[in-house]
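Student: Residues per chain are reported as follows:
2 protein chains.
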Amino acid sequence: MTKYNFSSRVPLTNDNPFGEILTVASKPSIVSFAGGLPAPELFPVAEIQAAANRVFDEAGQTVLQYSLAQGNLQLRQLISQYMQTRGLNDAPDDLLITTGSQQGLDLIAEMMVNPGDVVISEKPTYLSALDVFKTYGAETVGVDMDADGMKMDELEATLKRHPNTKLVYVVPNFQNPTGNSMSLARRQRLVALAEQYDFLIIEDDPYGAIRYAGDPIAPIKSLDSNGRVLYTGTFSKILAPGLRLGWISAASELITKLTLLKQFEDVHSDNLTQAIIAQYMQDNDMQKHIDHITSNYRDRGETMHAAIEKYFPAGTELTHPEGGMFLWVKLPGNPDIDQLFAECIKNNVAFVPGAPFFPDNPETNTMRMNFSNRSVAEIESGIKKMGAVISSLIYAK
Amino acid sequence: MTKYNFSSRVPLTNDNPFGEILTVASKPSIVSFAGGLPAPELFPVAEIQAAANRVFDEAGQTVLQYSLAQGNLQLRQLISQYMQTRGLNDAPDDLLITTGSQQGLDLIAEMMVNPGDVVISEKPTYLSALDVFKTYGAETVGVDMDADGMKMDELEATLKRHPNTKLVYVVPNFQNPTGNSMSLARRQRLVALAEQYDFLIIEDDPYGAIRYAGDPIAPIKSLDSNGRVLYTGTFSKILAPGLRLGWISAASELITKLTLLKQFEDVHSDNLTQAIIAQYMQDNDMQKHIDHITSNYRDRGETMHAAIEKYFPAGTELTHPEGGMFLWVKLPGNPDIDQLFAECIKNNVAFVPGAPFFPDNPETNTMRMNFSNRSVAEIESGIKKMGAVISSLIYAK
Chain A
205 MTKYNFSSRV
215 PLTNDNPFGE
225 ILTVASKPSI
235 VSFAGGLPAP
245 ELFPVAEIQA
255 AANRVFDEAG
265 QTVLQYSLAQ
275 GNLQLRQLIS
285 QYMQTRGLND
295 APDDLLITTG
305 SQQGLDLIAE
315 MMVNPGDVVI
325 SEKPTYLSAL
335 DVFKTYGAET
345 VGVDMDADGM
355 KMDELEATLK
365 RHPNTKLVYV
375 VPNFQNPTGN
385 SMSLARRQRL
395 VALAEQYDFL
405 IIEDDPYGAI
415 RYAGDPIAPI
425 KSLDSNGRVL
435 YTGTFSKILA
445 PGLRLGWISA
455 ASELITKLTL
465 LKQFEDVHSD
475 NLTQAIIAQY
485 MQDNDMQKHI
495 DHITSNYRDR
505 GETMHAAIEK
515 YFPAGTELTH
525 PEGGMFLWVK
535 LPGNPDIDQL
545 FAECIKNNVA
555 FVPGAPFFPD
565 NPETNTMRMN
575 FSNRSVAEIE
585 SGIKKMGAVI
595 SSLIYAK
Chain B
205 MTKYNFSSRV
215 PLTNDNPFGE
225 ILTVASKPSI
235 VSFAGGLPAP
245 ELFPVAEIQA
255 AANRVFDEAG
265 QTVLQYSLAQ
275 GNLQLRQLIS
285 QYMQTRGLND
295 APDDLLITTG
305 SQQGLDLIAE
315 MMVNPGDVVI
325 SEKPTYLSAL
335 DVFKTYGAET
345 VGVDMDADGM
355 KMDELEATLK
365 RHPNTKLVYV
375 VPNFQNPTGN
385 SMSLARRQRL
395 VALAEQYDFL
405 IIEDDPYGAI
415 RYAGDPIAPI
425 KSLDSNGRVL
435 YTGTFSKILA
445 PGLRLGWISA
455 ASELITKLTL
465 LKQFEDVHSD
475 NLTQAIIAQY
485 MQDNDMQKHI
495 DHITSNYRDR
505 GETMHAAIEK
515 YFPAGTELTH
525 PEGGMFLWVK
535 LPGNPDIDQL
545 FAECIKNNVA
555 FVPGAPFFPD
565 NPETNTMRMN
575 FSNRSVAEIE
585 SGIKKMGAVI
595 SSLIYAK
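If you read the sequences in order, they're chains A and B.
Here the first sequence is numbered in the numbering used here, starting from 205 and rising by one per residue.
Here the second sequence is numbered in the numbering used here, starting from 205 and rising by one per residue.
It should be emphasised that the hints constitute simulated quantities derived from the structure, not laboratory data.
This one's a predicted model, so the numbers in the text were calculated from it and none came from an experiment.
Check each hint, because a few of them may be wrong.
Treat identical chains as interchangeable: a pair holds within one or across any two.
[Claimed, not checked] Here are the simulated BS3-like cross-link-like pairs (lysine-lysine), alpha carbons at most 27 Å apart as the crow flies:
{"hint": "1", "residue 1": "K207", "residue 2": "K338"}
{"hint": "2", "residue 1": "K364", "residue 2": "K207"}
{"hint": "3", "residue 1": "K338", "residue 2": "K364"}
{"hint": "4", "residue 1": "K355", "residue 2": "K338"}
{"hint": "5", "residue 1": "K231", "residue 2": "K534"}
Using the sequences plus the hints, can you model the full thing?
Tutor: Listed below in structure tokens is the structure:
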């Protein structure tokens with residue numbers, strides 16, 4: 205058999221410990237807090253089906269034909285209107301429809317990153333973003349965060365050490381994996397630093413619409429007037445991830461280049477699905493649906509927070525998100541997290557160890573806990589079970 | 205405003221002469237042979253809508269949720285069965301579902317091409333493939349073709365000049381833009397050369413199922429036993445391009461790597477659409493639908509061929525495809541093709557100049573003619589009109 209000579213972008217091994225964790229955790233018998241899935245029982249299946257039927261009835265031939273790389277104009281108009289409710293004024297022409305926000309990250313990295321350029325992220329962060337940056341040859345560097353998001357003094361020190369920083373990647377709202385949000389003051393400082401140190405900001409915002417406590421914070425992009433922020437949005441968390449549609453909003457010069465790269469990559473995103481979502485948004489009150497999700501996630505998130513405080517051992521630290529799908533736990537001491545994971549699986553409950561979310565120097569006593577995909581009752585009983593496993597292991601030492 | 209420091213992948217200008225031609229040609233008043241669109245009136249809209257409704261009724265929540273990067277297993281099984289009818293035996297595990305075959309080309313280039321590596325293509329060729337290879341830093345080199353496809357002696361000479369050739373890209377059936385197919389002997393020689401000179405072959409086959417004359421030729425991939433051929437397929441020409449679904453079939457070691465890169469790029473392809481196509485294939489005789497398309501395209505292709513022979517000036521050379529969507533014309537002498545295009549547009553008829561399809565040394569007296577997107581009557585009258593314009597221009601010199 206041929207010995208292949210892969211490009212330098214290809215990971216040397218096929219090891220995928222994170223994927224293996226998710227596979228183990230996905231057994232039906234397991235109450236899993238490991239994945240990052242929205243609640244399928246909240247998908248508006250009937251409404252999306254009705255939208256699909258209108259699309260087939262009224263424009264069947266059109267939506268099955270090739271279309272524009274930038275995406276369905278009506279959908280871009282509707283996203284533009286929706287974004288205004290989130291504090292952003294982007295014209296439909298300043299939007300590019302992408303195959304999920306993952307492709308948005310990919311296209312931005314492709315546009316900006318030469319091999320050896322530095323991309324800075326929060327630490328911990330969404331690890332699949334780092335994978336994308338690395339395929340384009342980026343060196344990724346993490347900056348610590350706290351309850352107010354990425355630490356700006358530390359960011360500035362990092363920028364001084366890495367003058368070839370091209371991009372700073374942040375998830376400012378209900379971040380994956382911590383659930384924390386970046387304060388307004390830090391958002392303002394980040395924009396000022398971008399100007400001073402000449403980099404662009406990726407504001408990745410899959411969760412921002414799902415706020416169940418506290419007040420909305422202005423999007424970073426709304427604080428910038430020099431075209432330094434690329435905002436990536438997605439329908440995955442507010443509507444349905446299987447439809448794989450997201451968008452980038454950015455300065456028109458950037459959208460022009462991104463559209464060209466998008467055309468090279470997949471010509472355009474699924475035309476039928478674009479039309480279905482546009483029809484859904486026209487025929488339904490999407491904000492009402494988002495409110496419905498948010499209210500459910502509030503119950504789940506608050507239940508999980510209270511249960512962890514109740515059942516996990518003394519000394520456990522945890523975040524208290526105001527929205528989104530995740531919270532973040534630091535266990536006391538120095539537990540063997542792999543053993544803990546294995547014991548939890550034996551007890552039909554699962555989480556994700558936090559270490560893989562760190563670009564470097566992982567904190568091995570951390571766990572990401574997803575609360576969007578399980579009922580309040582499952583969360584209560586599952587956390588109780590996890591608490592017992594943890595306590596028995598930690599106290600056994 | 206910020207002055208952006210783009211990566212070296214980004215084209216320096218936003219010039220897109222080919223796109224401008226297609227935009228000019230897409231005015232409703234114009235009978236266009238310029239684009240590469242399938243016939244929308246042949247899309248099985250009602251059958252796809254019925255399949256969509258079954259999917260929503262039976263698996264609504266599932267298809268709206270995240271799924272596997274490799275793609276819907278049932279769809280891969282159905283493609284595997286379909287590929288057997290085309291002469292290929294690929295297990296469902298050796299297939300990766302992609303967002304159109306364009307993404308297949310992108311992922312293969314990403315996997316194999318380091319900056320400076322050489323990718324060889326037919327000359328002329330599908331120019332958007334060359335764009336993809338270039339974004340990964342490839343040097344693209346063209347090899348002349350004739351009615352039997354890429355010339356193998358010339359390929360071997362080119363391989364000797366470029367020992368860092370990683371990939372040879374071919375469209376062996378009813379090639380875009382010429383409509384020619386590669387003979388079996390050349391396919392065999394290509395596989396032998398791949399072994400001898402250590403490169404991989406991309407067999408891009410969007411049109412192969414649409415054969416209306418002559419006998420099928422064995423796929424290149426079926427002639428290889430060393431995992432050197434990556435076959436890219438698509439539903440764009442046999443079902444509907446707006447659904448943006450295609451596949452790669454390749455050795456499982458390659459599919460494993462490609463699946464990882466696919467996951468980085470867009471997580472997975474549209475889950476709803478994957479399920480709709482699988483349902484469509486289960487509930488319908490897709491081959492019967494392909495036969496229906498093929499029979500229509502035969503009438504259109506043969507009409508265009510006869511009309512060009514009748515109405516274009518003496519000395520015009522043209523290919524005689526046995527399937528697909530295009531034929532290729534060489535005009536006598538040295539006509540000003542831009543002037544010819546402008547005159548045709550004035551007369552409400554359009555074609556694409558052939559020069560942009562050449563990686564280098566374009567033949568400026570060539571034209572690509574698409575016959576799939578217009579009725580027999582429009583083809584007859586449109587070609588007659590073009591013939592008059594060409595004759596008046598060429599004889600006016």
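Student: All hints, please: hold or fail.
Tutor: Going through the hints against the structure:
| no. | hint | result |
| --- | --- | --- |
| 1 | K207 <-> K338 | both (24 Å within a copy, 24 Å between copies) |
| 2 | K364 <-> K207 | between (43 Å within a copy, 21 Å between copies) |
| 3 | K338 <-> K364 | within (21 Å within a copy, 33 Å between copies) |
| 4 | K355 <-> K338 | within (23 Å within a copy, 39 Å between copies) |
| 5 | K231 <-> K534 | within (26 Å within a copy, 62 Å between copies) |
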